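Student: Modelling step: build the complete structure from the supplied sequences, incorporating the hints.
4 protein chains.
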Amino acid sequence: MAYNLLNGKKGIIFGALNNLSIAWKVAERAHDEGAEFILTNTPVALRFGELDELAQKTGSIVIPADATSEKDLETLVKKAMEHFGGKIDFILHSIGMSMNVRKGNPYNELNYNYLMKTLDISAVSFHKVLQVAYKLDAINEWGSVLALSYVAAQRTLYRYNDMADAKALLESIARSFGYIYGRERKIRVNTISQSPTRTTAGSGVKGIDGLMDFTERMSPLGNATSDECADYCVTLFSDLTKKVTMQNLFHDGGFSSMGMSNRAMAMYNRSLECKDCPDQDEDMMKIED
Amino acid sequence: MAYNLLNGKKGIIFGALNNLSIAWKVAERAHDEGAEFILTNTPVALRFGELDELAQKTGSIVIPADATSEKDLETLVKKAMEHFGGKIDFILHSIGMSMNVRKGNPYNELNYNYLMKTLDISAVSFHKVLQVAYKLDAINEWGSVLALSYVAAQRTLYRYNDMADAKALLESIARSFGYIYGRERKIRVNTISQSPTRTTAGSGVKGIDGLMDFTERMSPLGNATSDECADYCVTLFSDLTKKVTMQNLFHDGGFSSMGMSNRAMAMYNRSLECKDCPDQDEDMMKIED
Amino acid sequence: MAYNLLNGKKGIIFGALNNLSIAWKVAERAHDEGAEFILTNTPVALRFGELDELAQKTGSIVIPADATSEKDLETLVKKAMEHFGGKIDFILHSIGMSMNVRKGNPYNELNYNYLMKTLDISAVSFHKVLQVAYKLDAINEWGSVLALSYVAAQRTLYRYNDMADAKALLESIARSFGYIYGRERKIRVNTISQSPTRTTAGSGVKGIDGLMDFTERMSPLGNATSDECADYCVTLFSDLTKKVTMQNLFHDGGFSSMGMSNRAMAMYNRSLECKDCPDQDEDMMKIED
Amino acid sequence: MAYNLLNGKKGIIFGALNNLSIAWKVAERAHDEGAEFILTNTPVALRFGELDELAQKTGSIVIPADATSEKDLETLVKKAMEHFGGKIDFILHSIGMSMNVRKGNPYNELNYNYLMKTLDISAVSFHKVLQVAYKLDAINEWGSVLALSYVAAQRTLYRYNDMADAKALLESIARSFGYIYGRERKIRVNTISQSPTRTTAGSGVKGIDGLMDFTERMSPLGNATSDECADYCVTLFSDLTKKVTMQNLFHDGGFSSMGMSNRAMAMYNRSLECKDCPDQDEDMMKIED
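Protein sequence lines, in the order shown, are assigned to chains B, A, C and F. For what it's worth, the working numbering labels the leading residue of the first sequence as 12, then goes sequentially. For what it's worth, the working numbering labels the leading residue of the second sequence as 12, then goes sequentially. For what it's worth, the working numbering labels the leading residue of the third sequence as 12, then goes sequentially. For what it's worth, the working numbering labels the leading residue of the fourth sequence as 12, then goes sequentially.
Any given hint could turn out to be false.
Just so you know, same-sequence chains aren't split out, so a pair can sit in one copy or run between any two.
Straight-line Cα separation of at most 20 Å, EDC-like style, residue types lysine to aspartate or glutamate; simulated pairs [said to hold, decoys possible]: (1) Lys146 to Glu120; (2) Lys197 to Asp224; (3) Lys197 to Glu120; (4) Lys197 to Glu64; (5) Lys82 to Glu64; (6) Lys89 to Glu284; (7) Lys89 to Glu120; (8) Lys89 to Glu152; (9) Lys128 to Glu81; (10) Lys197 to Asp238; (11) Lys82 to Glu120; (12) Lys197 to Asp148; (13) Lys68 to Asp238; (14) Lys90 to Asp77; (15) Lys98 to Asp83; (16) Lys90 to Glu284; (17) Lys90 to Glu195; (18) Lys89 to Glu39; (19) Lys114 to Glu152; (20) Lys197 to Glu227.
FYI, nobody ran anything at the bench for these hints, they're computed from the structure. Remember, it's a predicted structure, so these values are computed and weren't measured experimentally.
Tutor: Dropping the structure here:
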């Protein structure tokens, strides 16, 4: 079902890798809704991903760029403006990576070079995108910029590690730059705090199955899928949400407003009554933050 | 510009009075987007308002109902289901009233009968609407229910008085019932926290001009208008926001995320430097909460 | 261990019933710290409780009062001022009751007379206490008023029912009246959001054992006890927290800032792996909100 | 007035420079309350500050350390443990610096080397302190760690610039590490969000006078002073707040819960009516973020 909500709108989409990526789904939906866009990711990701397939499907071009490099971003934004013959209307930032998570460094044994990289890649890159686009005056009035976040910015989830801090920083950057963009350019900047999603990135988080079962049962509407997230992004890029800015918008089936659901409690209680279960204290309680 | 976002959807809209009402604008926009709906308000409001004009314009019927009366609500919902030959898809609750505000009772001299009425009319009525609709199984799967709120639910604004408490209660009811509706019926329940708006109700708040100048300058995108609020409501009634529930969504040009803007500070500082201004201590500092 | 933190301070403590009550513990600790106070509860509670024992232990007097009755509150506050020969310094409000919970009415089948009573007893009574004390100018400059709340005000917990809405209203009243009391009298008003506690009232909530096991494992420091809550109240009544006002202060071992802990997840996962457990879908998944 | 609240407790205090510093006041108050502590700051700050005076007054020793250097921190913590013959009980982190603010780079023209330094000095240093202390097992059970924050972490204040993002990151680190410290060591980690304060650091922010006048009139109890902040820190280091963790605690006279006060509105309105005032649009509205 398409509504032409993004008819004539141009954009840049960061972070699509393969068809599990939220950014991939957003690209598909934006295309359905009449948008044109540039797809971008790092050169490495482009090698491993399947972005060409998406580009073909959506009539897009792919421009490689490392979002931590101001120079790459400048080239990207200039090429985008040339390609479209003018300014763009929307940007999606769906970028996050933690070497500490990958290497299994617990939060109390962080490597600080990795931490600075986590912050640079997952949060400061958003500032760089916004600053480069600002300097080049690349976004039309009433344009819309979105980044993807996670509830770990507000509430600690074990093993999410330094990505939680990166998401908190990301959301702060959205507010801080949203103020400037709103005042000077009438452009909105928001983050979407999405349910845990089984993307390629998400799959890297150990124990995500149990967590996703829990959040599924805690969320009255269940976990939000990537496809649903793409639908939501479309509304936030459209002209119908012009005065929503500097917000972190939960798209999570209600999880963020839950303390305890009947369904999750029932599953939890079952464990309390379990007699033949492996003793969780021995098996699973080693520190892995 | 219309997108057919609400094609075939049926609803009930509470609280339109005249063309300053947000509910009026929502009705107009929902109509543009292909929705059909029932308009409702109290018998008294129907006498003083101009709802028939709106009904004609949007091909709607008007059914009077006092939203604090379970009986009236039952009749309303049953008639709506008869009228549409089935369930509805969306509800807008835009109802609020405080006799303490009207009578000028400061917050430290509340009349408690009035307070209970404020809570009943402005918040508990939302529970009644939801409970009656639940019992009658009146809303389709993936339906959407919205109520209008205000940032006073989180942050105290002098003179907003017991309406602040009513809005806090309203938002809590949206969460509490959103859990049940989500889990059992796959229906979402949210509130929109809208900029101050010069509706007939809003005009009653003394000193609203100064406040609106302040919020206009504090909000990077300026105050959100009723028309823009109607646009936003349309997205939240549409199928593109299915997993957003139990949220309070700020639609306020960024006000809720601001501590101090350049523009508001400049205006404020001007006062600090003003030599010939009336002394604000004498003129304006009497307690009026 | 005592520090004389409340030396010479006078107060009124609402809501002690027996030695499980948080208010009881607060009274004991306030006494240790050098405070004098009046104990109060409803006439019915006084009959069933053991307040005389506490009064004796702490050298206090007991004055019965229904906190929903302005008249009772006026008498109480006047008697307190007579008794102490002057103004008081602190008030604790630890009052909550829901007939809907007691009668087992789920949240989607609320009795509205009961709901209004829940709101009146559990939240509006706090406004009444504050308003009566304000009118009688009963609290000294830099006095401190506290009410006890629960995280259900922000996040839905199944079965907590209309008490969640009452707590949201209570916290709003603390903010709204905190503004007036701060501005005019230099008195602070706050709420403490306490871990679930096995008081006589708390025990009434069905399924509290499972919930308390969950919150114990979710909270990095474990659930906060009544004794610890009493310690915390003492700091908030003392002169060391003069500029803390209009806040809801979580005293919960960290629960409010947790999304998922290792310990709770381990227990939850155990259930996922349990083969001989009763099927939770049949046994426990009936709607009981 | 002293209460012996910190009798026998040992600590480390980061960030005292001169008697305007909040850390200086905390040191004085902690000393009054019976604590012993190490004072520390960067070698440069030690040269320009007057820390020896404070050390003498409080019977402390000074150990220079750059809080961004793990090596310096290790030396510091080891020396502290030697000095005290055992573990410590509390840490205060009062460190923040932005070269972007100093150089007058607006938020849309950030130097990214400076930004990374802002984050490292003002936020990541807190993680380093916690990680080094964790590795050395330097803090006693039921110890308490505090960092100073500001409301800019939640709400944008023009000119506060990249310090806002640093504070958001700082508060996230407090939550993330608070979870580990709570679970494994029974130690609490919190931030205090303090009113704007005329410290040497604070004075650097241009236009702070107008802002402080505004926050003074917005806050029902007025801005909180450094001395009052020190009092509050004492309660959070004491044994009376053992179950408060992972929180950001506003110590601001109520500012964080205000939308608009009578007093601030009156001052603002005065400007609206001012006829002879300099036109604020010309004079003060240049972009300076």
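Student: Run the structure past the numbered hints and jot down the numbers of the failing ones, going up.
Tutor: Violated: hints 4, 5, 6, 16, 17, 18 and 19.
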